[in-house]
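Q: Going line by line, the protein sequences match chains H and F.
Counting from 1 along the first sequence, just add 34 to a position and that's the residue number in this note's numbering.
Counting from 1 along the second sequence, just add 49 to a position and that's the residue number in this note's numbering.
Keep in mind the hints are simulated off the structure, nothing from the lab.
Virtual Cβ for every residue (Gly too), placed ideally from N, Cα, C.
Be aware that one or more of the hints could be misleading.
[Claimed, not checked] According to the in silico footprint, chain F covers these stretches of chain H (three or more CB under 8 Å from chain F):
#1 36-42
#2 132-141
#3 145-155
#4 237-250
[Claimed, not checked] Quick list of simulated restraints, FRET-style, between CB atoms:
#5 H/Gln298 <-> F/Gly200: 34 to 42 Å
#6 H/Gln164 <-> F/Leu395: 20 to 28 Å
#7 H/Asp212 <-> F/Asn284: 55 to 63 Å
#8 F/Asn185 <-> H/Gly90: 25 to 33 Å
#9 F/Lys356 <-> H/Gly90: 34 to 42 Å
#10 H/Phe317 <-> F/Asp310: 15 to 23 Å
#11 F/Gly339 <-> H/Leu309: 45 to 53 Å
#12 F/Lys255 <-> H/Glu130: 33 to 41 Å
The primary structure of each chain is shown beneath.
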Amino acid sequence: MVSYLVTILSLVAIISILGLALNLQWGLCGMVNFGIAGFFALGAYTAALVDLAGAGTLVATVAAAAVCGIACALVALVSLRLSDEYLAILTLGFGEVVRLVVLNEEWLTHGSLGLPGIPRPFWGLIPEEQYEYWFLGMLGGVILLLFLALEKLLRSPFGRAIRAVREDDVVAATLGKDVVKLRVKVFALGGVIIGIAGAFHSFYMTYIDPSQFSAILTAYVFMAVIAGGRASNSGLLLGSVGLMAVIEGTRFLKDIFNIFDATQLSAIRLILIGLGLILLLIFRPQGCFAEYRLKIKKPEKEPRKASVQTETRTT
Amino acid sequence: MTKSGNLIHRPVKRRTVLRGIAAAGGFAAAAPYIGYSHAAGEDINIGVLLPFTGSQGAYGPDMRKAADITTKKINDAGGILGGRKFKLFFEDDESSPTAGLAATKKLLEINKCVSVIGIWGSPIAMAIKPVLVGANTCMMVSGAANAITEGDTKGLVFRYQAKATNWGSGMAQAMVSRKYKTISILAQQNAFVIPMIDPAKKVFEKAGVKVLDTVIYNPDQPSYRAEVQRIFGANPAPDAVMCLGLLTDFVSIVRETTRMDAKSKIMALSIMADAEGQFLKAVGPEAAEGIEHFQPSPPLSSPSYKKFVKLMGADENAIFLFASNTHDQICTLAMAMEKAKSTESLVFTKEIRAVCNPPGELVNDVVEALGKIRAGTKINFDGAGSSCDFDAQGDQINRSYAVFKIVGGKQVLQDVIKEPEVAL
């Protein structure tokens, strides 16, 4: 039981890292990234290839982060003059290009046969039966670091500037913000995070093939961000846990209800997940948690000088 | 004292009560599972991982049915190991390796399955192999990719299917025997199709058949017009085209060839050109006329296969390419466990070859086989999907292959090819 939960939590953790990246790119800066699955594949394959070449898992993770970051920066640069919908199409296209390259460049990626036997970090140093727990611990550590860093960023002048770009880039530019630079930076930073997620996916699965990076993954990440509340990192973590709880929890339906057979329940399960999302969007379209905003305290309470000062400094 | 007194008047108290009620409700809802594994102590839990949704969803239901009826047959006859019953746990792999991995973990950890069988897609088998082998659990797959049985499997991995490389050479030989002079290959980029191409080319080369062109296309394309045009519209057009892929892409390909009135003959795989009758339904008998298809098949004329078709309640000419192997997987588990007197994978897998491979008395009925094992007779199980013989790495040997032709909207058996002629 515990080991199963650890597996599910590890998958949640990887989706959460992707969610943090999307929350940065789309939630904070309004740059829609429909190519998450593609960037994720890029990170996973980079990490796997570097790792299999014997460079070690740390170098592999750094390489994956760097390659994804650069790829994202390039995509953001290419889409300089494109507004929202066009960026969405461009990223979708980029994701598809990565998928096709991975599928067809057999000399590099083994095509549809995939890459087996990817070495894991600290494998051999930790007793095999405890490894899953350690791995989850590592993922937890990565999420914690990313979460704290992103929360810091969200509350920094940079965070406010990119939110201004999201709300209205013309206004932001008028106020002297370099919109292009901000967008490229945010997209590249998101790419770095996606690369890290990709590397951990490779290490976790130890076998990767193109079918693991299908478009449904992008949908799951968007679902997690929307359910949690756009631009709220803690909401996102809740969203991805909730999403995975529904996806995996529905597996148990058929162990309880005997009226449907396994074939029917498999279909019903996916229908239920869809239905849940629709209901969520109808009744709570803003998601579970609201975005962090600076507040000026009401006059009857002791005003907190610090936050007011920050406010005045940046505007 | 005053502190606790204050607590009573706080609204928090009400929430605590509500939380308590919710937790109790949660436990009540969870109770069925919590008690479950204990109550099922006598049962032997078997995990069946199949595709019910996603691109491979069409292949799961028949395999599920076969697993159910075979289990019922064994259980009704008194089970194994002195009355213990098989209990099946089905999980959907959603045609995805990641979902397959989560499902496998559930089967292992929650349902305490002693073996996981079914496992249709090769990428899924590859993704869950490290987990199952790591957990010392027997794994029976239906996927063809060679890599599944390669490496250190601790003797736990068994393939109820021919290896992909053998499909390739077998199909090429069937095409050579039809005296085609030139051939082109049109194949999907897919883990089990790609390994077929090189062995096929070797056979063609040896027989002096010229391969004009090889085109590999991506799965899920909206159209295959460009690929079809290049292969079938070539000048000169090949005598025949070897089509390797899945049902949906083949339907589009055949529609294109009909539209352009292509002259080249087609040989495809049975999962494309038969697929439980779905191909004929999709393109109609006229467009399908004359298409030949090849597949590692059950020994169609054998008594064991006929018995299985009857058990499935199907028409006597029905071809179950995968369900018959699921039947064999359950039978093998029952026999090996009975022989080893154990449900431990590392123990009973050592007996699989003892009950399946020759020498021994040929038996094709699992209940009869179990009786003979108890009586101490050496048996050689003859399965519904194949003769069910395994080599040292867990791959099936002595398989048969069949070539069919679609004539007047019907599948007509042309040749049955035996493995020794296929393997190079």
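Q: Each of the hints needs a verdict: does it hold here or not?
A: Going through the hints against the structure:
1. Given a C-beta distance limit of less than 8 Å, the hint that chain F covers the region 36-42 of chain H holds, as 5 residues qualify and 3 suffice.
2. Proximity of the region 132-141 of chain H to chain F, defined as three or more residues with a beta carbon under 8 Å from a beta carbon of that chain, is established by the 4 residues found.
3. With 6 residues bearing a CB less than 8 Å from a CB of chain F, the region 145-155 of chain H meets the requirement of three and the coverage assertion stands.
4. Only residues whose C-beta sits within less than 8 Å of a C-beta in chain F count toward coverage, and the region 237-250 of chain H has 8 of them, enough to reach three; the restraint holds.
5. Judged by the Cβ atoms, the range 34 to 42 Å given for glutamine 298 of chain H and glycine 200 of chain F holds: they are separated by roughly 37 Å.
6. Between glutamine 164 of chain H and leucine 395 of chain F the beta carbon distance is about 21 Å. The supplied range of 20 to 28 Å therefore holds.
7. A beta carbon spacing of about 58 Å between aspartate 212 of chain H and asparagine 284 of chain F agrees with the range 55 to 63 Å that was offered as a hint.
8. At about 29 Å, the CB distance of asparagine 185 of chain F to glycine 90 of chain H agrees with the hint of 25 to 33 Å.
9. Distance hint check: the CB atoms of lysine 356 of chain F and glycine 90 of chain H are about 56 Å apart, inconsistent with the given range 34 to 42 Å.
10. Judged by the Cβ atoms, the range 15 to 23 Å given for phenylalanine 317 of chain H and aspartate 310 of chain F is violated: they are separated by roughly 57 Å.
11. The beta-carbon spacing between glycine 339 of chain F and leucine 309 of chain H, approximately 46 Å, falls within the hinted interval of 45 to 53 Å.
12. The beta-carbon spacing between lysine 255 of chain F and glutamate 130 of chain H, approximately 40 Å, falls within the hinted interval of 33 to 41 Å.
Of the numbered hints given earlier, the model fails hints 9 and 10; all others are met.
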